[in-house]
Amino acid sequence: MLTIADKTFHSRLLLGSGKFASPQLMQQTIQASGSQLVTLAIKRLELNKPQDDLLTPLRALKIQLLPNTSGAKTAKEAIFAAELSRDALQTNWLKLEIHPDPRYLMPDPIETLAAAEQLVKLGFVVLPYCSADPVLCKRLEQVGCAAVMPLAAAIGSNQGLQTRAMLEIIIEQATVPVIIDAGLGAPSHATAAMELGAAAVLVNTAIAASSDPVAMASAFTQAISAGRIAYKAGLAATQPHALASSPLTDFLAAL
Amino acid sequence: MHIMLNDTLLQLTAVSTLAQLLQQQQLNTEGLAIAVNNNVIAKRIWQEYQLQNLDQIQLFQIVTGG
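So the protein lines, in turn, are chains A and B.
Here the first sequence is numbered in full-length UniProt numbering, starting from 1 and rising by one per residue.
Here the second sequence is numbered in full-length UniProt numbering, starting from 1 and rising by one per residue.
Because the hints were derived from the structure by calculation, they are not lab data.
Glycine residues also receive a C-beta, built at the ideal position from the N, C-alpha and C atoms.
A few of these clues could be false.
With beta-carbon atoms standing in for the labels, derived distance ranges [what the hints assert, rightly or not]:
hint	chain 1	residue 1	chain 2	residue 2	range
1	A	Thr175	B	Ser16	49 to 59 Å
2	B	Ser16	A	Met1	44 to 54 Å
3	A	Asp52	B	Leu9	18 to 28 Å
4	A	Tyr104	B	Met1	40 to 50 Å
5	B	Ser16	A	Ala60	46 to 56 Å
6	B	Glu48	A	Lys19	17 to 27 Å
7	B	Ala42	A	Arg44	10 to 20 Å
8	A	Tyr104	B	Asn37	27 to 37 Å
9	A	Lys121	B	Asn37	20 to 30 Å
10	A	Ala233	B	Ala19	37 to 47 Å
11	A	Thr175	B	Gln24	24 to 34 Å
Chain A with its partners taken away, still in its complex shape (with noise of 0.2 Å):
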């Protein structure tokens, strides 16, 4: 079981609602993943478009919804986000992104830091985007963030875990639950992630731009399932030279 905060969760994968071709496939898909912890954003409203029913079919899932402050790009306009979210939302959940470069949408750790200290002041249960610096991720800890998500690699990128040596110290440092955000492009990722200790990982873009998302999401929740069995069972440890799994006797020699 996954506990933030107050909740426990059964599901380990945290997904992004983002870039799914209609609401109906988002919809299966959610359900395909049994995430019960799914992101979104929130934008100015468009006054002569159609407004889009979202919210109903995410209501009847019973899932905790999870706002972002994507688009902040200071500390400022992040608070004014968050509390746009918790009023057309109705829940304090929080997860904090503060990204200014659109290039490679790398989460800016000073205005991250600030918003965290006084969102969590103002009664949010804060889970910051962030990079993968252990330094920060335990400051983030001490200003009360109900956990961290350090990334992987770029937002969308798909890389996988091009900073896994940091997680490795995060995760050891950690007395919060470490969710890996960003950048995993393939099940495999989320295991190895799943492997290194992570609490739970963050997925959007390798499902939803998928060719199937539905079948994708239910590989990453397998690839998760795999990964937590591994930790809780304990890798061997790694060698630099072989060590036979087999007796290696000579009485083949007197042949």
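Got chain A sorted already, so can you dock chain B onto it with the hints?
What follows is chain B alone, placed relative to chain A:
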């Protein structure tokens, strides 16, 4: 009274509260959030929130995103 609604200037007649404005604009309030003059106005007070001349009203909506 004149207001700005997401950068569109509107002249309001027979509308005095935020809730009445939403009704007049035929907006679905599910997943909607509102700021007036850059302050978030909680849903629970839309019914009685009195609009003022030249208020800048911004409407926001929950959308998909990762």
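Taking the beta carbons of A/Ala233 and B/Ala19, is their distance inside 37 to 47 Å? Distance hint for A/Ala233, B/Ala19 is violated at roughly 57 Å.
Do the beta carbons of A/Tyr104 and B/Asn37 sit within 27 to 37 Å of each other? Given about 35 Å between the Cβ atoms, the range holds.
Between the beta carbons of A/Lys121 and B/Asn37, is the distance compatible with 20 to 30 Å? 24 Å, holds
Is 40 to 50 Å right for how far apart the beta carbons of A/Tyr104 and B/Met1 are? The hinted range 40 to 50 Å holds for A/Tyr104 and B/Met1, with Cβ atoms some 46 Å apart.
For B/Ser16 and A/Ala60, compare the CB-CB distance with the range 46 to 56 Å and indicate the outcome. Violated, since B/Ser16 and A/Ala60 (Cβ atoms, about 36 Å apart) do not stay within the stated range.
Is the hinted range of 17 to 27 Å satisfied by the C-beta distance from B/Glu48 to A/Lys19? 40 Å, violated
Could you check the hint for me, namely that A/Asp52 and B/Leu9 are 18 to 28 Å apart, CB to CB? About 27 Å separates the Cβ atoms of A/Asp52 and B/Leu9, which means 18 to 28 Å holds.
Is the gap between the beta carbons of B/Ser16 and A/Met1 within 44 to 54 Å? 51 Å, holds
Please test the hint of 10 to 20 Å on the beta carbon pair from B/Ala42 and A/Arg44. 19 Å, holds
In this structure, is the beta-carbon distance linking A/Thr175 and B/Ser16 contained in 49 to 59 Å? Distance hint for A/Thr175, B/Ser16 holds at roughly 52 Å.
Range hint 24 to 34 Å (beta carbons of A/Thr175 and B/Gln24) holds or violated: 51 Å, violated
In this structure, the earlier hints numbered 5, 6, 10 and 11 are contradicted, and the remaining ones agree with it.
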